[in-house]
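Construct all of the structure, not just a fragment, from the sequences and the given hints.
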Amino acid sequence: GQQVMQIPQYQHVQEGEDFTTYCNSSTTLSNIQWYKQRPGGHPVFLIQLVKSGEVKKQKRLTFQFGEAKKNSSLHITATQTTDVGTYFCAGPGGNDYKLSFGAGTTVTVRA
Amino acid sequence: DAGVIQSPRHEVTEMGQEVTLRCKPISGHDYLFWYRQTMMRGLELLIYFNNNVPIDDSGMPEDRFSAKMPNASFSTLKIQPSEPRDSAVYFCASSPPGLAVSWGEQFFGPGTRLTVL
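Taken in sequence, the protein lines are chains B and H. When we follow this note's numbering, the leftmost residue of the first sequence carries the number 32, and every step to the right adds one. When we follow this note's numbering, the leftmost residue of the second sequence carries the number 18, and every step to the right adds one.
Simulated from the structure, these hints should not be mistaken for laboratory data.
What follows is a set of in silico ranges between Cβ atoms, one per label pair, in the way DEER data are often shown:
(1) T93(H) - Q111(B): 38 to 44 Å
(2) Q89(B) - Q34(H): 40 to 46 Å
(3) A99(B) - T132(H): 42 to 48 Å
(4) P101(H) - G71(B): 19 to 25 Å
(5) Q97(H) - T93(B): 42 to 48 Å
In silico lysine to any residue, SDA-like type, Cα no more than 20 Å apart, as pairs:
(6) K67(B) - T51(B)
(7) K67(B) - G20(H)
(8) K95(H) - T37(H)
(9) K67(B) - I22(H)
(10) K41(H) - P127(H)
(11) K101(B) - E85(B)
(12) K129(B) - N102(B)
(13) K129(B) - M77(H)
(14) K129(B) - G76(H)
(15) K41(H) - P25(H)
(16) K95(H) - L134(H)
(17) K82(B) - G121(H)
(18) K95(H) - P127(H)
(19) K129(B) - N69(H)
(20) K67(B) - M56(H)
(21) K67(B) - E122(H)
(22) K129(B) - K85(H)
(23) K67(B) - M57(H)
(24) K41(H) - S24(H)
(25) K67(B) - T55(H)
(26) K129(B) - S83(H)
(27) K129(B) - D47(H)
(28) K129(B) - N67(H)
(29) K67(B) - Q34(B)
(30) K95(H) - S75(H)
(31) K67(B) - E48(B)
(32) K129(B) - Q54(H)
(33) K87(B) - G121(H)
(34) K129(B) - G121(H)
(35) K129(B) - S75(H)
(36) K82(B) - K101(B)
(37) K129(B) - H46(H)
(38) K88(B) - E122(H)
(39) K82(B) - E122(H)
Please read these numbers as outputs of a predicted model, since none were measured by experiment. Cβ coordinates follow ideal geometry from the N, Cα and C atoms, glycine included.
If you want it as structure tokens, here you go:
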């Protein structure tokens, strides 16, 4: 089935700094979703990207879908302690409604 | 809306015992998913249903695992017999009907943390 790879696995960020996490696929994706899981919590949907080159913003979070629809990124500006958690990208898993989740990027923030 | 409801939230059992995890999806959602999350393997899809019918169970690890959805508001995941390597967090998620080319967002329940001793 479809595999999506995420890097980095861990991201240690100083509060106030920016960082980016990346999601890559070997094949073209029809769409990609991003989820956030707080420590001890469950994944929560953030956004879905469908169009080539699409850019969407949610406050300090900027999501981008690559022109070739094979990669995506999540950029967070001015990191806050509330950004702590694991961010997952998920792409179609090869058939109807099956999502394949990346391994996630776990973010910790130094105050 | 109460969201996806899972029970129990925590389960500790001994190897060889039967374990049943329960899920109530969000009303009106046609799709229901069971996932397993571990440090080693990440978030894995075990099985998913559409309109109460199992569509893809290729992620079910072995015959010890079974899942049912007798109606639109209830699903179970059963492990019999349980083994220590089944220890994980099991999530249930539901999703509303989506467009043909766009998968709908998935709403996850709080999960059941299973420990098999």
